[in-house]
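Undergrad: Going left to right, the sequence shown walks through residues 106 to 474 as my numbering numbers them.
Be careful, since some hints might not be right.
Claimed, not checked - Once the Cα atoms are required to be at most 25 Å apart in a straight line, the calculated SDA-like pairs of lysine to any residue come out as:
hint, residue 1, residue 2
1, Lys440, Ala295
2, Lys207, Phe162
3, Lys148, Gln121
4, Lys207, Gln276
5, Lys300, Leu223
6, Lys150, Leu177
7, Lys207, Val110
8, Lys207, Thr293
9, Lys250, Leu134
10, Lys112, Ala199
11, Lys193, Gly114
12, Lys129, Ala167
Stated by the list, open to error - Label pairs and their computed distance ranges (CB to CB):
hint, residue 1, residue 2, range
13, Pro133, Pro111, 35 to 43 Å
14, Leu203, Ser242, 40 to 48 Å
15, Phe470, Met244, 51 to 59 Å
16, His289, Gly451, 33 to 41 Å
17, Met244, Ala157, 34 to 42 Å
18, Gln192, Arg164, 49 to 57 Å
19, Glu215, Ala157, 50 to 58 Å
20, Lys465, Pro133, 53 to 61 Å
21, His289, Phe135, 18 to 26 Å
22, Arg308, Lys465, 41 to 49 Å
23, Ala168, Leu228, 22 to 30 Å
24, Gly114, Phe470, 41 to 49 Å
In short, the hints are calculated from the structure, not lab data. For each residue, glycine too, the CB sits at the ideal point set by N, CA and C.
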Amino acid sequence: RIVNVPKRGLGDATVQMLHDHARKRRIPLFEAARAVVETDELKPKARGALRALVAQFDRWRAAREVTAHTELAEIVLDESGYTEMWQKDRSADAAGRLDNLKELVRSMEEFENLQGFLEHIALVMDRDGDAEDEAVSLMTLHSAKGLEFDNVFLPGWEEGLFPSQRTLDEQGRAGLEEERRLAHVGLTRARRRAKLYFATNRRIHGTWSTTIPSRFLDELPPASVEITESKGGTAWGGAGGYGPSRFDNVESFGSSYGTPGWQRAQARRGGRNGQGQGQARGGFEEAQSPFSGRGEFGGFSRNKRGPITIEGELVAKSTGTVSEFSLDDRVFHQKFGYGHVTKIDGNKPTIAFDKAGEKKVVDSFVERA
């Protein structure tokens, strides 16, 4: 398929000769090409073009041993002339093809080596072959690249989870943009409808955490969003530190605060956050579904809740750098909002946020209020 793409002057007659040569000698097509260029069976121009292609493959194979697979992909796309071919193309598809090539290289970055990437591609192709089966395909956002489905379900759209708090802490704005790009990848896998879910509380590493809906939900165009409320629940106090949310006025959401597992967890924790759990959790109903507290975008349903209290504890390693903040300083965090410093450990102060509870954060993400 690639022997004359981009065009190298190798027409159908040349390709047919290669196939005949390979079939007669029972050798791979590439080995047939290597043998043919040493004969006079082809015209000089075609023979020279085929010899150059064989030399390119030999060079790329040798480079595979000493070159990162992503860099090798860029070399192949450049030296083969494939990228240049689409850059010169003036058709409506050209821009999309170039974007696909960039996405191909970015996708390869998710794998340690070329073998891992090719194994992944083989699995995706097998899954495409079963596309007509009545089955649910489960995959990560990264592995979903290039695929499309009529209906797509995307759980976990919560601040701290998506976008990942670790990514925000370690990579800052660049990390946020990468998470936003992944959100776009997930949404655009849907041909007809994408359903986005988030939990009002989540058990992570044995600890219950109340969550804040992802900021990405508010970035979706309102005209394309359908909000479906679940039954029961209590109003809550807002979207969180990243700003007002279009969902602040939604009246009700189902919750799992009344479940036995939640109640046992709170009984063990006691009043650890300095407030009565009964008061903080009052008015919530027991969830009727394992997906309680979730929402759908088109349809997006979402749970409302009382004053936000995030009981999850972030484990952050401290550096030797001394924090610029002092005990009892009033501060503001983009995600968690306002609070005051209760403890300082290097550059990781512990802050009691007004709505998000006590959190240990990186001081570079906090400013004085």
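Undergrad: Now look at each hint and say whether the structure bears it out.
TA: Results for each hint:
Restraint check for lysine 440 and alanine 295: the C-alpha separation of about 29 Å exceeds 25 Å, so the hint is violated. Between the alpha carbons of lysine 207 and phenylalanine 162 the distance comes to roughly 21 Å, so the proposed pair stays at or under 25 Å and holds. Between lysine 148 and glutamine 121, the direct Cα distance comes to roughly 14 Å. Compliance with the 25 Å bound is thereby established for this hinted pair. Between lysine 207 and glutamine 276 the CA atoms are separated by roughly 21 Å; this keeps the pair inside 25 Å, and the hint holds.
Using a Cα cut-off of 25 Å, the hinted pair lysine 300 and leucine 223 is violated, with the two alpha carbons roughly 30 Å apart. For the given pair, lysine 150 sits about 28 Å from leucine 177 by alpha-carbon distance, which is inconsistent with the 25 Å threshold. For the proposed pair lysine 207 and valine 110, the alpha carbon gap of about 18 Å is at most 25 Å, so the pair holds. Distance hint between lysine 207 and threonine 293 is fulfilled; the C-alpha atoms sit about 17 Å from each other, no more than 25 Å.
At roughly 31 Å between alpha-carbon atoms, lysine 250 and leucine 134 are farther apart than 25 Å, so this suggested pair is violated. Only pairs whose Cα atoms come within 25 Å are accepted, and lysine 112 paired with alanine 199 is accepted, the gap being roughly 16 Å. With a C-alpha separation of about 18 Å, the suggested pairing of lysine 193 with glycine 114 holds against the 25 Å cut-off. The hinted pair formed by lysine 129 and alanine 167 fails the criterion: a straight-line CA distance of about 29 Å is larger than 25 Å.
Between proline 133 and proline 111 the beta carbons are some 23 Å apart, a value that contradicts the proposed interval 35 to 43 Å. Hint check: leucine 203 to serine 242, Cβ distance near 28 Å, so the stated range 40 to 48 Å is violated. Roughly 31 Å separates the CB atoms of phenylalanine 470 and methionine 244, a value that falls outside the hinted 51 to 59 Å. Separated by about 36 Å at the C-beta atoms, histidine 289 and glycine 451 satisfy the suggested range of 33 to 41 Å.
At about 40 Å, the CB distance of methionine 244 to alanine 157 agrees with the hint of 34 to 42 Å. Taking the beta carbon of each, glutamine 192 and arginine 164 are about 22 Å apart, not inside 49 to 57 Å as hinted. At about 33 Å, the CB distance of glutamate 215 to alanine 157 disagrees with the hint of 50 to 58 Å. Our hint of 53 to 61 Å for lysine 465 and proline 133 holds, since their Cβ atoms are close to 59 Å apart.
Look at histidine 289 against phenylalanine 135: about 38 Å separates their beta carbons, and that is not inside 18 to 26 Å. For the pair arginine 308 and lysine 465, the supplied restraint of 41 to 49 Å is violated, since their beta-carbon distance comes to about 19 Å. Judged by the Cβ atoms, the range 22 to 30 Å given for alanine 168 and leucine 228 holds: they are separated by roughly 26 Å. Against the hinted window of 41 to 49 Å, the Cβ-Cβ separation of glycine 114 and phenylalanine 470 comes to about 58 Å, which falls outside the hint.
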